[in-house]
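Taking this note's numbering, I'd label the letters of the sequence shown as residues 1 to 173.
Everything labelled a hint here was simulated from the structure, so no lab data went into it. There may be inaccurate statements among the hints.
[To be verified] Pair ranges (Cβ atoms, derived):
(1) ARG29 x ASP98: 31 to 41 angstroms
(2) ASP151 x GLU125: 18 to 28 angstroms
(3) PRO100 x ASN77: 29 to 39 angstroms
(4) THR112 x SER33: 27 to 37 angstroms
(5) ALA138 x GLY18: 46 to 56 angstroms
(6) THR99 x LYS31: 17 to 27 angstroms
(7) GLU125 x SER57: 19 to 29 angstroms
The beta-carbon is built from N, C-alpha and C at its ideal position, and this holds for glycine as well.
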Amino acid sequence: MATGSILLPISGAVPSDGSTTNAAPEIIRVKGSAAAPAPHFVEARFDPSTDEHVQWSFRMPQDYSSAPVLKLLWKANVTANSVVWGSRLSAVTPADVDTPNEHAFATANTATTAANATEARRLVETSITLTNADSVAAGDLVILQVYRDADNASDTVTSDAELVAASLEYTTA
Numbered sequence: 001m002a003t004g005s006i007l008l009p010i011s012g013a014v015p016s017d018g019s020t021t022n023a024a025p026e027i028i029r030v031k032g033s034a035a036a037p038a039p040h041f042v043e044a045r046f047d048p049s050t051d052e053h054v055q056w057s058f059r060m061p062q063d064y065s066s067a068p069v070l071k072l073l074w075k076a077n078v079t080a081n082s083v084v085w086g087s088r089l090s091a092v093t094p095a096d097v098d099t100p101n102e103h104a105f106a107t108a109n110t111a112t113t114a115a116n117a118t119e120a121r122r123l124v125e126t127s128i129t130l131t132n133a134d135s136v137a138a139g140d141l142v143i144l145q146v147y148r149d150a151d152n153a154s155d156t157v158t159s160d161a162e163l164v165a166a167s168l169e170y171t172t173a
């Protein structure tokens, strides 16, 4: 068995609608400070005081077998404290009794990770093992939600958590 990976570009994330309990991070283009032509990338800035959510939808690859793990690359303009990230997954099989519009997310999985203590905005990786994976199977329509659990007592970073990349890794068949 090998490891498969699904890249989840920030530019492809669907933010929540911004209504009460459906807050969304600001998604912006960032220009690097390297010499011209400077690099540009897209990041989602998750607020330190409000739970904010983004989603990706995709079809689970045919080589999917088990053990989904969400990998998040992020940074923050601090050198101390931690961020609590959460993820929920919804999987709908073709001809399932639920439609994608009515299917609920599985229970959230979370992980707490410290900001880089050496220098502000250094890249940090958080891994979230999706033990609550809604019985996802190869070929399912998946909606994967990522959020910052800002009101969690363990989330102590006082600046935005800047998500720059995400991927879903899994064991192949």
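Quiz item: Which of the stated hints cannot be reconciled with the structure, identified by number in ascending sequence?
Solution: When the structure is compared with the hints, numbers 5, 6 turn out to be violated.
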